Each structure stands twice: as C-alpha cells, then as structure tokens.
Amino acid sequence: MPIPYMQRTRDYYLALGFPAYRWAHFADVPFAPLGKPLAEARLALITTAAPYQPGLGDQGPGAKYNAAAKFYKVYSEPSDTIPDLRISHVGYDRKHTHAKDPNTWLPLAQLHAAVKRGRVAGLTPRFHGAPTNRSIRITVETDAPELLRRCREDGADAVLLVPT
Amino acid sequence: MCHQTVSLVARHLEANGLPTVIMGCAKDIVEHAGVPRFLFSDFPLGNSAGPPFDTEAQALTLELALRVLETAPAARTTVQSPLRWSEDPAWKLDFDNPATLTPEQIAERRKEFDAVKSIIKDKQKS
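Keeping their order, the protein sequence lines are chains W and R.
Numbering-wise, the first sequence is residues 0 to 163 according to numbering that gives the first Met the number 0.
Numbering-wise, the second sequence is residues 0 to 125 according to numbering that gives the first Met the number 0.
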C-alpha cells in the first residue's frame, strides 16, 4: 500500500504541536485532450527542483532540509543542457534515498533521448521551475498562471510535471 | 507540498487547454487534489522520475508517463508503475511518522521546524 502522506503529515504536525494542514481538494477535474501525436508534439517540463545557489548552505545530496535554498518565483532555464538543480529545499525521503542522481527528479536526459529517437517531436526551449508553496492561493493565483503564460509563449503542446 | 503544487498547476494548465501528465510518488496527495493524468511510482519521495542510477528504469518511467499522456481516456487517470523500490516495504514506515519517533526526537523536529519557518518568513519579506 502506498504511504498515506496526508494522514501521516496530519499526525506528524499534531505530534509537533501544529494544527492539521488542509490539503487541496476539488470535485471537478479539467481534461484537455492531446491534440496531436507525441511524435509531432512539443513538450514542456515543469520541475519543483531549485537552481543551486552558492552561499546558501549545503544543498548537496543528503543535505538537511535547507529552507534558505527555497525559491518563491517561477524560473525558467534552457532545456538543451542539463542544469545544476538541487532538492535540499523540499521534504524528500532523506532516509531512504540520497539525491545523488538528479535523473531521479529531473527526467531531462531521458527527455533528450526520447526526442532523439523521435518519440516526442521536441522540447520547448525552456523548462520551468514551480515554487513549492504551502499557500494554495499563491500557487493557483500567481504561479500557475505564470507557468501557463511561459508554456504558451514557448509553444508547448503538452506539459510533463515532475514534483520532488 | 511539491505534489500538491504540481497538481494545482496541472489543473490550471488543463483548464486552459494544455494537456498534462504528472509523474510522482505521493498518490494520495495528487488524487485528493484531482488531476487529469498521473503516473504513480511507489518510491520514496525524491524519485518521481525513477530509481537512482538505473537508466533503464528511468527510461521506462518516462515512457509510461508519455503513454499516460497519450492514452488517458478521461480525467483522474492514474497508472501505477510496475517497478518496485525494494522487496521489503518497511521503508514506508519511516517518513515523518510520529509513531516511530521518541519524545526527544519530536521535540528536536519541532525546534528544526520553528527554525525553518523563521528562515522562510525572513526570505519572503526580503
């Protein structure tokens, strides 16, 4: 059975003395059909990983949770090279994984391979970083519209989203 | 939070006509929010794109996500990857589980949590 993260987090917060977090929930789910075959489609990538920021403490594999390395605005970087991204700013499973291989949270190398063999027509020129925010309102009202704007600007036909 | 964030973003993109697929490891959070297409890998958080140093498994993980993108018949389509993290599922007991922590460890975590909150507050102000 998968880990019940919502219940786990609720119990964890309560044990630490915090009120329970209210997770986002919607009854209706939008659905946009893929308008063309993937071999003719341009794919955008959205990640929650953060660009490495020198001087802001340990952000390397296995680093403790590093809140200073968090980012609060959508960022974009070229998708044709492999960037130096880190995940010390989020709560990944530090006991059972080590974050030494960026390909576990950023499938950019695999996407390049998929383009090379014609599985996907191409990637948009940029990939985008989504700030991980406890505020549902900020994500919905500020970050999501900005990500939509950038994906459209880049001519994306579909979007792959990869949380950490 | 990462899984909730991308779920909210995916919903916004889809509502505006852009098809999406999420690849992730927190099934309940993504499904609770409600997203169109989701490839679920039952791995520790941090491995949404596949297990470390296993190119073949990472390629399969992406391929499955692409197939979900292509073939999902309707919203709330979740496909679970057939890959397993380990034969022993004991790893699932550890993540942020108060039942496995001593009162001293809980007090320590609370202290760390408060420190983190204050860093975030300062950063958001600047």
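To be clear, the hints were calculated from the coordinates, so they are not data collected in a lab.
Be aware that one or more of the hints could be misleading.
[As the list claims (entries may be wrong)] Cross-link-like lysine-lysine pairs, in silico, DSBU-like; alpha carbons within 35 Å at most: (1) K110/R - K63/W; (2) K115/W - K26/R; (3) K110/R - K94/W; (4) K72/W - K120/R; (5) K110/R - K26/R; (6) K63/W - K122/R; (7) K116/R - K72/W; (8) K63/W - K120/R; (9) K91/R - K94/W; (10) K116/R - K94/W; (11) K63/W - K26/R; (12) K91/R - K35/W; (13) K115/W - K35/W; (14) K116/R - K99/W; (15) K72/W - K26/R; (16) K110/R - K72/W; (17) K63/W - K91/R; (18) K122/R - K115/W; (19) K35/W - K120/R; (20) K94/W - K26/R; (21) K94/W - K120/R; (22) K26/R - K35/W; (23) K99/W - K110/R; (24) K99/W - K91/R; (25) K122/R - K99/W; (26) K99/W - K26/R; (27) K120/R - K115/W; (28) K115/W - K110/R; (29) K99/W - K72/W.
All values derive from a computational prediction rather than experimental measurement.
Checked hints:
no.: 1; hint: K110/R - K63/W; verdict: 14 Å, holds
no.: 2; hint: K115/W - K26/R; verdict: 31 Å, holds
no.: 3; hint: K110/R - K94/W; verdict: 19 Å, holds
no.: 4; hint: K72/W - K120/R; verdict: 15 Å, holds
no.: 5; hint: K110/R - K26/R; verdict: 29 Å, holds
no.: 6; hint: K63/W - K122/R; verdict: 18 Å, holds
no.: 7; hint: K116/R - K72/W; verdict: 18 Å, holds
no.: 8; hint: K63/W - K120/R; verdict: 19 Å, holds
no.: 9; hint: K91/R - K94/W; verdict: 11 Å, holds
no.: 10; hint: K116/R - K94/W; verdict: 22 Å, holds
no.: 11; hint: K63/W - K26/R; verdict: 24 Å, holds
no.: 12; hint: K91/R - K35/W; verdict: 39 Å, violated
no.: 13; hint: K115/W - K35/W; verdict: 19 Å, holds
no.: 14; hint: K116/R - K99/W; verdict: 26 Å, holds
no.: 15; hint: K72/W - K26/R; verdict: 26 Å, holds
no.: 16; hint: K110/R - K72/W; verdict: 27 Å, holds
no.: 17; hint: K63/W - K91/R; verdict: 20 Å, holds
no.: 18; hint: K122/R - K115/W; verdict: 41 Å, violated
no.: 19; hint: K35/W - K120/R; verdict: 44 Å, violated
no.: 20; hint: K94/W - K26/R; verdict: 20 Å, holds
no.: 21; hint: K94/W - K120/R; verdict: 27 Å, holds
no.: 22; hint: K26/R - K35/W; verdict: 28 Å, holds
no.: 23; hint: K99/W - K110/R; verdict: 27 Å, holds
no.: 24; hint: K99/W - K91/R; verdict: 20 Å, holds
no.: 25; hint: K122/R - K99/W; verdict: 27 Å, holds
no.: 26; hint: K99/W - K26/R; verdict: 24 Å, holds
no.: 27; hint: K120/R - K115/W; verdict: 44 Å, violated
no.: 28; hint: K115/W - K110/R; verdict: 49 Å, violated
no.: 29; hint: K99/W - K72/W; verdict: 25 Å, holds
Hints 12, 18, 19, 27, 28, counting from the list given before, are not met by this structure.
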